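2 protein chains.
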Amino acid sequence: MKKIIGILGGMGPAATIDAMGKIIKNTPATCDQEHIPVIAVSFPDIPDRTENILSEGESPLNKMLAVLRILEAAGAECIIMPCNTAHYWYDELKASTKIPFLNIVEVTCNKIVSEVINNVAILATTGTIKTGLYQERLKKDNVNYVVPDDIQQGIVMESILAYKSGDVERAYQLMETVITQLKHVGIENFIMGCTEIPLILSGCGDKERYIDATGELVKKAVGWCCLVNNGTK
Amino acid sequence: MKKIIGILGGMGPAATIDAMGKIIKNTPATCDQEHIPVIAVSFPDIPDRTENILSEGESPLNKMLAVLRILEAAGAECIIMPCNTAHYWYDELKASTKIPFLNIVEVTCNKIVSEVINNVAILATTGTIKTGLYQERLKKDNVNYVVPDDIQQGIVMESILAYKSGDVERAYQLMETVITQLKHVGIENFIMGCTEIPLILSGCGDKERYIDATGELVKKAVGWCCLVNNGTK
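These protein sequence lines map, in sequence, to chains A and B. Note that our numbering has the first sequence beginning at 4, numbered continuously upward. Note that our numbering has the second sequence beginning at 4, numbered continuously upward.
Just chain A, same shape as in the assembly (with noise of 0.2 Å):
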């Protein structure tokens, strides 16, 4: 059997459905056979990943670790985590295990780098905001990026939110109220480094001028299983 991605998901459960989705798009296949095996443990009650960086609400990262010892125990062979803000735990969450943990920050990161992309904002939750995951990274790189104001922020959490909760509309209508103003002022590029953000706009047209981090990390995942079965790393 070809290498099994474990993914380490629930944070939201349609993102994790979506980083699936796009392991099949991003696969050669003619038959299921020929497609990778994965395990996702989708738990959806690890705790609010931006409230803990927020306001001190209860921490995820037991139940994330669990939820890596089920992925361990069933046969994993390389893990991703499809969401930007549990990120925060990362490097937690790698010194626990042996197997290879995919950073969906760093794989984002190296394309925008990789293929010079400047001018670029980063719609995140308020949690991945704060910890300055992306802007450290950024930042080291030389690379031109911003983050929304308070006020927009607080619009793209909110669309965030509305897009957990069902209202796939509403979500829509917020983000794209961000997105509006940011191009007014010259945004070119937008980061969606959130994993629930492709879904937002998963109906929105312009596709090349955003860097779908849920993808990068798939991408990156799938070409780890081919190297691999192809018995090159």
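If you're looking for bench data, these hints aren't it; they were derived computationally from the structure. Computed from a predicted model, the values in this text were never measured in an experiment. Beta carbons are placed, not taken as given, at the ideal position from N, Cα and C, and that holds for glycine. Treat the hints with care, as some may be off.
[What the hints assert, rightly or not] Listed below are several chain B residues computed to face chain A (Cβ distance under 8 Å; list not exhaustive):
#1 M4
#2 M23
#3 H38
#4 S45
#5 I158
[Unchecked claim] Below, a list of computed lysine-lysine pairs in the BS3-like style, where the Cα atoms sit at most 30 Å apart:
#6 A:K6 / B:K97
#7 A:K5 / B:K97
#8 A:K28 / B:K28
#9 A:K28 / A:K114
Since the structure of chain A is already known, use the hints to place chain B on it.
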């Protein structure tokens, strides 16, 4: 935490994702944490079910049993298997586990019988048709059904294989050809009795004519979780 749904999946991988999406859609939730936890083991290299039934290709049973053992060890509390043809081995799988294991054919036929749906065509893999999984149950309940003739069944199977190979457009055109022919001879209702068929027909308008086996299975599973979580079962 809520009760965990385990998905014996990968047959095919897109059908597994479809089932997970339908779990979300059928769960009343206003935030991540209110959703149902899911462990999906999507192993697409499980040998082809129809090939085994029709021409004695490798049996999928051992690999399905292996996935079931992974789900048990990981803590799944209710099993669903979003593949109709795989239910040919349902009795052996169910007998091997103490975890409740819902049956896609049973829940779908229960809906047909309870809603007094007649004049129904069974759209399924040639494997499912050959085993008589749906026919036996519908006959027992005096439901008036038809199966496609041999030429039509060949086209249905070609459609399913086209979808699995990634040729979504051709899959739709082939399936639509058979549906149109069946409508011309007076068929009014269609069982989407292969988990790829809701995906093939996802752009199709008149959903009330279609009985979605995946959807029925998921509704039953979500209902089971809600009952158990409310302490009434």
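Next item on the list: Run the structure past the numbered hints and jot down the numbers of the failing ones, going up.
Entry: 5
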